[in-house]
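Counting along the sequence shown from 1, when you hit position 346 you're at 346 in UniProt numbering, and nothing is skipped either side.
Keep in mind that the hints were calculated from the coordinates and are not lab data.
These numbers come from a predicted model, not from an experiment.
All residues carry an ideal CB built from backbone N, CA and C; glycine is no exception.
Nothing false has been slipped in among the hints.
Taking lysine-lysine and the DSSO-like style, the derived pairs with C-alpha atoms no more than 27 Å apart in a straight line are:
no.	residue 1	residue 2
1	K3	K252
2	K4	K252
3	K4	K89
Label pairs and their calculated CB-CB ranges:
no.	residue 1	residue 2	range
4	S128	G107	24 to 34 Å
5	N18	G318	39 to 49 Å
6	D341	G303	24 to 34 Å
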Amino acid sequence: MTKKPTIVVKIGSALLANQELLTPRYGFLQRLLEDIAQLRAQGSNVILCSSGSVALGLRIIGETPESAGVSDKQAAAACGMPLLLNAYKQVGHEFGFDIAQVLLTLGDFEDHRRFLNTRNTVHRLLESDVVPIVNENDSITTEEIRVGDNDRLAAKVAQMVGADDFVILTGVDGLYDRNPDDPEAQFVPEVEDVSMYMDATKGKSTLGTGGMETKLLAANMAQEAGVTTWIAQGEVDHPVSEVLNGSRRSTKILPHPNPLSGWDSWIANRLQMAGSIVISDAIAAALSGDRPIRRQDVISMTGDFTRGDVLHIYDSKGIERARGLSDFTSEELRVLTNNPDTQAEQLLGYRTKGEVIRSANLVMLEHRHLLWDAPEEIARRDWDQPAVG
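Make a model of the complete structure from these sequences and hints.
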């Protein structure tokens with residue numbers, strides 16, 4: 001059986017909610033879902049990653065985007081989600097398809113078992129010809145444990161399901177080489193290396209939680225999984241299909257020609273940093289996918305992490321070199337590095353090779369990922385010292 005092409009569509013809050021009235025924009029939903037119905041009729045699977053629940057709930061709790069705090073936004077999300085889903089259901093019913101709500105948190109992406117369970121659920125919905133509508137569960141998440149923007153959440157969904165195309169619908173027609181308000185700004189029709197444009201992407205909308213910067217971060221995640229990303233204006237009659245068929249201007253962000261495996265992509269594309277380690281420059285220079293990181297390679301560490309969390313790996317200059325799955329908790333690793341001359345089994349009470357990150361669980365970043373800045377305690381420290389042990 002031929003695999004159906006899969007399209008992940010991310011819709012921003014400003015498209016879904018009237019900025020002044022904070023009510024659903026049914027006209028936009030009508031155009032969007034009519035277009036999706038046509039794409040489905042042509043044989044494509046479509047997944048929607050929808051913002052809008054917080055914006056639609058603010059009016060109910062008597063707040064505005066400017067006045068709302070964290071607890072206000074959580075309450076607004078609880079009020080707005082039924083309104084958002086009801087609007088999708090009403091309009092979707094007109095075009096003959098069913099919808100399903102999939103609410104996710106950061107842990108559903110960062111824990112591999114939950115990641116796979118979520119993927120299985122979404123695939124099962126698609127098999128039943130149901131359109132999944134994915135959103136972060138804003139009513140229970142706090143700033144510390146949330147994804148924070150639906151652009152990167154949608155990119156993780158695209159990675160999760162092995163999508164072909166990832167379409168980000170927004171209020172502008174694509175990426176510019178500087179602020180679009182600048183009369184000398186030039187439109188960018190195609191991007192291979194998103195890092196070239198990161199400095200031109202500051203700012204965000206009143207209703208949304210991310211601007212063009214988060215869209216490029218999301219696109220970089222999609223690139224690594226072999227997904228083509230499109231950034232386009234959503235205020236048109238056929239907001240998705242006209243992008244995909246090339247009849248409307250948009251920015252196309254090319255997938256990497258040699259995408260990572262699903263496992264490596266999950267390791268490399270993080271939403272938050274669980275912890276980090278610093279290794280010596282000599283070890284960093286010799287690092288490859290065939291060599292594990294051992295306890296004696298570690299100069300320092302930051303964060304409180306558990307076994308199975310992904311660590312960011314820096315050299316002594318604070319440059320990120322790799323990411324990998326930790327075989328130890330932060331407490332265990334701290335004990336190992338503070339006692340380099342004592343056997344690991346004696347320190348931990350179980351047999352282990354002392355490999356902090358096995359080679360199979362290590363992904364070199366090279367030049368294909370946007371690197372994360374080193375934690376402050378790493379960036380400000382002088383590392384004129386050898387590796388422990």
